[in-house]
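J.: Residue strings, one per chain:
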Amino acid sequence: MRWVVALRPARTVGVVALGALALLLVLWALVPDHVVPPFVVHLVALFLAVGPAYLMDDEALEVAQTAPRRRSLRLRVTVPVGFAACGVAWLLMLAVLSQASPDAPVGSLTWQVAGVAVGAWAASAVLSRRGVPCPGGVVAAVSVLVAFTELLIGPLRAVVETLTTAPSASWWPVVVVLAALVGVVSCRDVAAPRLSLTS
Amino acid sequence: MTITPPRPVAPAEQAAPPVTTLALAEARRYARHPLFLLAGSVLIVALGAGLVQREVVTVSALEGTVAPAFLIGVFGFVIAHRLTTSMHRTGDVVGTTPTTPLRRTAALCLACLVPATAGVVLLLIDVVFGAIWPPEPVPPGQTVAWFGDQPTVPMLAALVASIVLACLGGPLLGVAVARWAPFRGSALLGVVLLVVGCAYGDDLPGSWFAVLPWFNFSDSLVTDGIFRASWLRDGAIPVWTCVYYACLCGLAAVAALLRDAGDHRRTLLTTGAILAVGAVLAVTFSMS
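The listed protein sequences derive, respectively, from chains A and B.
Going by numbering that gives the first Met the number 0, 168 is the number at position 169 of the first sequence; the sequence numbering is gapless.
Going by numbering that gives the first Met the number 0, 234 is the number at position 235 of the second sequence; the sequence numbering is gapless.
Treat the hints loosely; a few may be bogus.
Cβ-to-Cβ under 10 Å is the rule here; a few derived chain A residues that face chain B [to be verified]: (1) L22; (2) V30; (3) P79; (4) A83; (5) G136; (6) L151.
By construction, these hints were calculated from the structure, which means they are not laboratory data.
Note that CB positions come from ideal geometry on N, CA and C, so glycine has one too.
From just these sequences and the hints, can you work out the full model?
T.: This is the structure we're talking about:
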């Protein structure tokens with residue numbers, strides 16, 4: 000039963016992942032020449048990527064923080080399962096993309112999906128630590144808006160294309176690592192001892 | 000002696016504030032929302048860059064309307080959704096206020112005039128600065144999808160449809176989605192479907208792109224990454240598209256109000272039916 004409770008937030012990530020996969024398949028079926036434009040692929044990939052924002056949702060956050068069973072223990076199940084669901088969905092999407100959009104830059108797209116996914120989760124973790132019970136909705140919506148803004152608006156799009164397509168564009172791995180650090184630190188229990196450089 | 004207990008008064012029966020008062024309160028909340036301020040800041044920065052370069056309106060003028068349509072319209076979808084669902088999050092408190100859900104929804108719909116006003120301001124800025132520094136094709140002499148090169152009425156209709164009505168329609172749709180589908184993730188799903196639908200549908204064959212809730216009204220000649228010329232796109236008549244978008248906005252408002260229509264259900268359904276017929280006729284005329 001504990002596992003079911005722990006996996007509840009991951010269910011939303013699974014729904015988002017299935018939604019993204021279904022959307023890609025529908026677009027692939029509907030597009031006249033059965034080749035989905037890379038721009039649309041990008042939009043669908045970002046939809047999948049913001050799913051982990053829902054991993055920190057907990058209606059009973061205030062109670063959970065005072066419960067004997069620490070919340071961080073539950074998150075040790077929720078977070079990996081949620082990211083695994085997201086990863087499996089991305090692998091399935093890559094398999095579809097090999098047929099549906101052969102020209103899509105899957106390498107840079109994979110890093111971008113990883114960066115946005117970990118970043119969205121980290122943002123949710125920070126908000127959750129600050130007492131917001133269900134930060135997923137607002138973080139996911141804002142993340143997708145920001146990501147779409149980069150894609151749609153000219154000057155910003157130019158900046159992003161430069162950053163993601165240049166050979167030296169190694170900033171997505173940096174985003175992944177930094178966001179993961181922020182997320183992990185924010186997932187610690189509120190009552191846990193503060194991190195200190197001196198023991 | 001018997002004491003007659005006072006008749007319990009339902010919240011809605013108490014002195015209910017007029018819808019305009021509620022609408023003003025919601026409009027203030029909308030105008031102060033961080034996402035609206037963020038979108039406004041991005042547009043102001045873009046306008047500042049255009050002023051410095053003396054090129055507020057470029058050769059790809061109508062293609063540039065994607066910025067206000069997205070930043071005010073699609074952001075507005077999320078803002079309106081958040082404002083509407085905030086009634087669910089504070090249901091216990093909201094339930095004690097002397098008003099009805101229908102009036103609150105009507106107030107939220109009226110608050111969507113804030114982004115519409117922003118759209119009007121952006122349209123005026125475009126028109127004024129487009130007249131001061133008209134877009135110049137490369138090489139000179141080619142056509143540009145702007146006043147002067149294109150007929151005035153279709154050009155103005157294209158701008159109203161792609162800026163003002165987009166800025167109004169997105170938030171109204173946000174209210175409607177939040178009233179009917181307040182489940183977790185409905186804002187995310189709405190944004191994705193709206194943007195992906197418009198991005199995907201732009202390549203639909205024939206005139207079917209005119210059915211979309213937003214599309215680019217211009218075609219452009221681009222060589223070496225530079226916009227050389229542009230013109231109003233074939234396949235959609237801007238004036239009829241403007242009417243179609245206005246009907247869609249009305250339908251979104253009616254859909255939002257229908258959730259708690261009560262005694263007004265029949266009136267709203269009739270209005271919705273008229274707007275739906277109007278939308279179908281307008282889009283048919285636009286495509287013909």
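J.: Now tell me, hint by hint, if it's right for this structure.
T.: Each hint, compared with the structure:
At about 7 Å, the closest approach between the beta carbon of L22 of chain A and any beta carbon in chain B falls short of 10 Å, and the interface hint on this residue holds. For the restraint placing V30 of chain A at the interface with chain B, the shortest Cβ-Cβ distance is roughly 7 Å, inside the 10 Å limit, so the hint holds. A hinted interface residue such as P79 of chain A counts as satisfied when its beta carbon comes closer than 10 Å to some beta carbon of chain B; here the least separation is about 21 Å, so the hint is violated. The interface hint given for A83 of chain A is violated, since its Cβ lies 19 Å from the closest Cβ of chain B, which is over the 10 Å cut-off.
With a least beta-carbon distance of about 6 Å to chain B, the hint placing G136 of chain A at the interface is held under the 10 Å criterion. A hinted interface residue such as L151 of chain A counts as satisfied when its beta carbon comes closer than 10 Å to some beta carbon of chain B; here the least separation is about 5 Å, so the hint holds.
Checked against the numbered hints given earlier, this structure breaks hints 3 and 4; the rest are met.
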